[in-house]
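> In the numbering used here, the protein residues as written are 121 to 253.
Treat the hints with care, since some could be wrong.
Listed next, the in silico EDC-like pairs over lysine to aspartate or glutamate satisfying Cα-Cα at most 16 angstroms (straight line) [as the list claims (entries may be wrong)]:
(1) Lys234 to Glu157
(2) Lys234 to Glu154
(3) Lys234 to Asp156
(4) Lys183 to Glu154
Please keep in mind that the hints were generated in silico from the structure rather than gathered at the bench.
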Amino acid sequence: MKGRARRRAIEAPFDPAVLRRARSLAARYRLVIERDEDGGYIGRALELPTAMGDGANIAECGKAVVESLTAAVATMIEAGEHPPLPAATGRRQRQLNIRLTDEENLLLEEAARKQGFRGVSDYVRFAALKNAG
Numbered sequence: 121m122k123g124r125a126r127r128r129a130i131e132a133p134f135d136p137a138v139l140r141r142a143r144s145l146a147a148r149y150r151l152v153i154e155r156d157e158d159g160g161y162i163g164r165a166l167e168l169p170t171a172m173g174d175g176a177n178i179a180e181c182g183k184a185v186v187e188s189l190t191a192a193v194a195t196m197i198e199a200g201e202h203p204p205l206p207a208a209t210g211r212r213q214r215q216l217n218i219r220l221t222d223e224e225n226l227l228l229e230e231a232a233r234k235q236g237f238r239g240v241s242d243y244v245r246f247a248a249l250k251n252a253g
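Make the full structure from the sequences, and use the hints.
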């Protein structure tokens, strides 16, 4: 992984209580880690797919993703926003069915995979809710 800067752990400017809460939440997010074209790994979380990290191996990548998530969650908390709950705690009770052509399904599956979602349902839910609110 040539040319990548060495990261330092987050210490400031976050309030220590906010940082503890953010670390606790980020540690419970579900990570998606894939091989990078450069030979290393790149990862993100299902809950916050835009907070990413990379590393030479899976462990290093996972640590970088959690640090990125911690910073994102701490920023949200300090801004008075509500960070997403870990995917494992979400309980969905309603179901929506849509019909797609084979081509539409293939396009959605590929888009979902590229953006780190675990499946088309999560991708469509995220996109729909993002555009609804």
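> For every hint, state whether the structure bears it out.
Each hint, compared with the structure:
no.	hint	in the structure
1	Lys234 to Glu157	holds (13 angstroms)
2	Lys234 to Glu154	holds (10 angstroms)
3	Lys234 to Asp156	holds (12 angstroms)
4	Lys183 to Glu154	holds (14 angstroms)
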